[in-house]
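**Student:** Take the position in the sequence shown, starting the count at 1, then add 82; the result is the number in the working numbering.
Any given hint could turn out to be false.
Straight-line Cα separation of at most 27 Å, DSS-like style, residue types lysine-lysine; simulated pairs [unchecked claim]: (1) Lys268 x Lys232; (2) Lys91 x Lys232; (3) Lys159 x Lys268; (4) Lys186 x Lys133; (5) Lys170 x Lys137; (6) Lys170 x Lys242; (7) Lys242 x Lys313; (8) Lys242 x Lys189; (9) Lys159 x Lys185; (10) Lys292 x Lys159; (11) Lys242 x Lys268; (12) Lys283 x Lys313; (13) Lys159 x Lys313; (14) Lys170 x Lys112; (15) Lys137 x Lys292; (16) Lys189 x Lys313; (17) Lys283 x Lys133; (18) Lys268 x Lys292; (19) Lys185 x Lys174; (20) Lys186 x Lys242; (21) Lys313 x Lys292; (22) Lys91 x Lys313; (23) Lys232 x Lys313; (24) Lys283 x Lys300; (25) Lys112 x Lys133; (26) Lys174 x Lys133; (27) Lys174 x Lys91; (28) Lys91 x Lys170; (29) Lys112 x Lys292; (30) Lys182 x Lys159; (31) Lys189 x Lys147; (32) Lys170 x Lys133.
Keep in mind that the hints were calculated from the coordinates and are not lab data.
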Amino acid sequence: MIYAILSGKGGVGKTTLTANLGILASRLGKRTLLVDADLASGNLALYLGVKEPRKTLHELLAGGKDFNSCIYSLSEKLDLLPSGLSLKGFLKAEVGDLPKVLKKVSKGYEVVFLDTPPGISRNTIIPLRCAESVILVTTPDTPSVTVTLKAKAIASMLDKNIAGAVVNRVRRGLFGERDQPLQTAKQLGTEILGVLPEEPKMRDLVERGKPIVLADPKSPASRALREISLKLLGAKKGG
Numbered sequence: 083m084i085y086a087i088l089s090g091k092g093g094v095g096k097t098t099l100t101a102n103l104g105i106l107a108s109r110l111g112k113r114t115l116l117v118d119a120d121l122a123s124g125n126l127a128l129y130l131g132v133k134e135p136r137k138t139l140h141e142l143l144a145g146g147k148d149f150n151s152c153i154y155s156l157s158e159k160l161d162l163l164p165s166g167l168s169l170k171g172f173l174k175a176e177v178g179d180l181p182k183v184l185k186k187v188s189k190g191y192e193v194v195f196l197d198t199p200p201g202i203s204r205n206t207i208i209p210l211r212c213a214e215s216v217i218l219v220t221t222p223d224t225p226s227v228t229v230t231l232k233a234k235a236i237a238s239m240l241d242k243n244i245a246g247a248v249v250n251r252v253r254r255g256l257f258g259e260r261d262q263p264l265q266t267a268k269q270l271g272t273e274i275l276g277v278l279p280e281e282p283k284m285r286d287l288v289e290r291g292k293p294i295v296l297a298d299p300k301s302p303a304s305r306a307l308r309e310i311s312l313k314l315l316g317a318k319k320g321g
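Throw the hints in and build the complete structure from the sequences for me.
**Tutor:** If you want it as structure tokens, here you go:
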């Protein structure tokens with residue numbers, strides 16, 4: 083199954099979700115591939131502690147044939163196809179070849195997560211076309227929900243299954259904010275896969291390349307992420 087992680091805007095936690103879901107899927111025994119499909123400004127590799135990957139998706143989209151050198155093994159069942167960080171590599175990459183490249187690299191994997199670019203553009207729609215199902219990511223504020231609705235509409239126009247939405251950075255304990263996820267669900271008109279609480283340490287963990295499910299597996303955010311992975315992948319809690 084190929085999932086596109088989609089949001090209407092940046093800064094909502096899309097890449098964080100991609101990294102952590104990939105780890106959890108692999109721990110559920112699924113052979114998993116993470117693909118950074120944000121060709122212009124992708125940094126999924128940094129979130130996973132892979133600094134300055136030498137070979138990336140940019141090379142494959144510029145006609146490169148050495149697929150194996152562009153895929154990085156993170157654990158026994160988890161691999162990463164990163165995006166490059168250089169402007170030169172981005173300018174050489176032909177985004178229109180992405181479906182062909184993904185078709186080849188995804189063989190042998192049970193689960194593929196595509197970290198898509200923020201916003202709605204050709205660079206977002208092309209990887210979205212490659213997906214079988216879409217996971218929406220939003221924060222509970224109105225601007226984020228509004229643009230996520232637009233992203234959902236595009237996915238629906240492309241006849242993509244909407245697996246559900248993840249509401250990120252939900253603050254606890256303030257008056258009225260316990261209803262945020264319910265209000266967001268009503269606005270989006272889709273199933274809420276899970277709610278991730280605001281996590282103050284998340285920024286520091288990103289800087290260190292330490293996904294929270296590894297760095298702090300007992301945190302509320304990690305527990306919520308595990309619930310999302312179980313719901314998404316159809317696994318039983320004891321599995």
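**Student:** Failing hints, ascending?
**Tutor:** Going through the list in order, the structure violates hints 3, 6, 14 and 18 and respects the others.
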